[in-house]
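Just so you know, the protein sequences line up as chains A and B, in that order.
Read in order, the letters of the first sequence are residues 1 to 350 in our numbering.
Read in order, the letters of the second sequence are residues 351 to 691 in our numbering.
Note that these hints are calculated values from the structure, not bench results.
Among the clues, some could well be false.
To be verified - From the structure, some residues in chain A lie toward chain B, with a derived Cβ separation under 10 Å:
hint, residue
1, L185
2, S208
3, A217
Backbone N, C-alpha and C fix where the C-beta goes; we use that ideal spot for every residue, glycine too.
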Amino acid sequence: MAVGRVVLSRSDRRVLARVLVVLNWVSVVTGAVLVGVGVYLWAELRRWEEVMSEDVLWWVPVVLVWTGLGACVLNLTGARLCLDCSDLNRFLRWRLVLAPYVGVSLLLTAGVLLAAALCLGLNASGRLDAALEAGLSNSMRRYKDSDRNPGLKTRLDLVQIQMNCCGKDQYQDWFRVQWVSDRYLDRTDPRVQDRLRSNVAGVYLSDSVPFSCCDPASPWPCPQTHLRSRPAPHFLSLVQSSRSLGLWGRGCREVLGRHYSSILNLISLTALGVWGFELLVVVGVRYLQTSMESLVLIGDPDSDSEAWILERGLCQSLSVIKSLGKCYHSDHDPNIDRPITSSGTHGTDQ
Amino acid sequence: MPLMPVKFNLQKRVKLAQGLWMLYWVSVMVGILIFSLGIFFKVELRKRSEMMDNNESHLVPNLLILTGLVTCAVNAFGGKVCHDSLDPMKFAKWKPMLKQYFTGCVAFSAALLVVALLCFLMQFSVYLTLAEGLKNGIRFYKDTDTPGRCFMKRTLDMTQIEFRCCGNNNFRDWFEVQWISNRYLDMSNDQVKDRVLSNVEGKFLMDSVPFSCCNPGSPRPCIQHHLTNNSAHYDYDLRTEELNIWTRGCREALFSYFSSMMSSIGALIIFTILLEGADMAGLKYLTTSLESMSDPENPECESEGWLLEKSVKETICEACAKAKALIRPNQVTEGEEPPAA
Numbered sequence: 001m002a003v004g005r006v007v008l009s010r011s012d013r014r015v016l017a018r019v020l021v022v023l024n025w026v027s028v029v030t031g032a033v034l035v036g037v038g039v040y041l042w043a044e045l046r047r048w049e050e051v052m053s054e055d056v057l058w059w060v061p062v063v064l065v066w067t068g069l070g071a072c073v074l075n076l077t078g079a080r081l082c083l084d085c086s087d088l089n090r091f092l093r094w095r096l097v098l099a100p101y102v103g104v105s106l107l108l109t110a111g112v113l114l115a116a117a118l119c120l121g122l123n124a125s126g127r128l129d130a131a132l133e134a135g136l137s138n139s140m141r142r143y144k145d146s147d148r149n150p151g152l153k154t155r156l157d158l159v160q161i162q163m164n165c166c167g168k169d170q171y172q173d174w175f176r177v178q179w180v181s182d183r184y185l186d187r188t189d190p191r192v193q194d195r196l197r198s199n200v201a202g203v204y205l206s207d208s209v210p211f212s213c214c215d216p217a218s219p220w221p222c223p224q225t226h227l228r229s230r231p232a233p234h235f236l237s238l239v240q241s242s243r244s245l246g247l248w249g250r251g252c253r254e255v256l257g258r259h260y261s262s263i264l265n266l267i268s269l270t271a272l273g274v275w276g277f278e279l280l281v282v283v284g285v286r287y288l289q290t291s292m293e294s295l296v297l298i299g300d301p302d303s304d305s306e307a308w309i310l311e312r313g314l315c316q317s318l319s320v321i322k323s324l325g326k327c328y329h330s331d332h333d334p335n336i337d338r339p340i341t342s343s344g345t346h347g348t349d350q
Numbered sequence: 351m352p353l354m355p356v357k358f359n360l361q362k363r364v365k366l367a368q369g370l371w372m373l374y375w376v377s378v379m380v381g382i383l384i385f386s387l388g389i390f391f392k393v394e395l396r397k398r399s400e401m402m403d404n405n406e407s408h409l410v411p412n413l414l415i416l417t418g419l420v421t422c423a424v425n426a427f428g429g430k431v432c433h434d435s436l437d438p439m440k441f442a443k444w445k446p447m448l449k450q451y452f453t454g455c456v457a458f459s460a461a462l463l464v465v466a467l468l469c470f471l472m473q474f475s476v477y478l479t480l481a482e483g484l485k486n487g488i489r490f491y492k493d494t495d496t497p498g499r500c501f502m503k504r505t506l507d508m509t510q511i512e513f514r515c516c517g518n519n520n521f522r523d524w525f526e527v528q529w530i531s532n533r534y535l536d537m538s539n540d541q542v543k544d545r546v547l548s549n550v551e552g553k554f555l556m557d558s559v560p561f562s563c564c565n566p567g568s569p570r571p572c573i574q575h576h577l578t579n580n581s582a583h584y585d586y587d588l589r590t591e592e593l594n595i596w597t598r599g600c601r602e603a604l605f606s607y608f609s610s611m612m613s614s615i616g617a618l619i620i621f622t623i624l625l626e627g628a629d630m631a632g633l634k635y636l637t638t639s640l641e642s643m644s645d646p647e648n649p650e651c652e653s654e655g656w657l658l659e660k661s662v663k664e665t666i667c668e669a670c671a672k673a674k675a676l677i678r679p680n681q682v683t684e685g686e687e688p689p690a691a
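Please take these sequences and the hints and turn them into a complete structure.
Structure (structure tokens):
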């Protein structure tokens, strides 16, 4: 019992072929969109790569770009094939190519679905969040070492300025790390010595934040220092504790997490759309292929022909695929080592 | 004696018509580009209008938008004429309009030249507007509670961060104004009172800059306050410290941004003028070769095309005479009857 069986007339086949050519060209465009989206994700990940620790995220843009390129190439071939396939004579030229083509298209469609699933999975599994958590803690700790990590301070400052965030979860995170390099600490100053001695690990902790935490929209000048202690510095009157300090209120982990989540959601939606479209194209090509195959058996190019997705039912097709892999057991075959006595027709089984 | 005559057979005419049609469509694309650049320039001016005291002149972007539209229209018409030129029936429709079309094209090219000149000359006006606007911006930085100026601080901070600049000419401009509002000054503090009283105008001036002047590329935490006092900070010398705050002034930064935009748009307009010239020459050759066909019924016959019917001098004299006739139509020459009143 064939799956999805329809009968196609000659004009139906011609219309199907034309529609498939158009759809294949549109698929080339969607493949290019997938490549573009993959490149965009790669660029965005690279933009703040210093504050992310894990490498698993890099797989996603690679998968997207390769499936997109594969879709482009495959659909270009598909457009050429479908252009020829409505005519019986030209179909015979491409006959042997079509079946593997449908197989490869199915694989590619599965690849696109995998890419969409990767994006969704990354979002949902919390690996993104963990990567940001570890990466940001690391960067904040190494902020002061501008000799050993040149450029890290700049990148972290730019993250805070451009993404409008301060610290990992809140601005107080900066109070817990030494973010001023020892090079610029005057160890002869008694205030500095005091702070260093009051700390168990001997690090210089202060209740101040880098300038990149400052919010330009706040109406008063940014009080970077003495954020916890009272009295406030000599030229700034006491700021009410209930109002914001003129610093960015949100932590960078939340902000970056949301930023990348929305990108990944958009990408997975796009990939799902492309997958649906590709599936449609593959089903159409399969119908065209099977209708032309059955037309070959009939022989008359003008007659109606049957088309299907699977020749036998689903279970039987699966068992056929399974038996393709089985070895050929030579012990039980009665035909081996038998002399050929008559020139009988050995019909090839379909 | 026609100027630069060229012989045409049918094949050459067809090739010329096809090539010219493509060239006209390229010109339409260029017109669309000019239109979009005009819109982009207008949007950029609006975005930075607070830095220019809302005083900036929108003449150039408006002209560019208009120019883009007219370029598209003119070249689309030319392309249509080209498309129809090889069909005598369709071409006959356009023939009477061609003379006016060519005059219009010449006038349009002259207008394009004026727009290109404006693109280069209006940069001076932008420079002066920026200088004035930034000076006022720095003065009104602290007025975050004055209606109409509450966003000046934010705009100036974001401009300094985005364009990597500090102050008008340089960072010392901040030393000359009070950029902290009195609302946030601790007036009970002795040092504050001292400074305010020692100033003639009662302003609280300091040698410090806002945080937006800080350079993230500096290896040390940003030094904003007591910039001229080397001993206030450990291992700090104002003369050798280049990375701490942005050294460029915002007027220079913004001006170089706008001037590069205007210069490249001016260069594009000059390219458009050359393109229009090529279009006109091609169309003139095509139309004259079609008109000078000895046997209109036979499309295969040879014909001659030229740029101008007479030499350049004679054409200019004729044009001057026509212009004079237009300006002074009532002038009576000897032997002529005076026109009826």
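Next item on the list: Sort out which numbered hints this structure fails and list those numbers smallest first.
Entry: Per hint list: zero violations.
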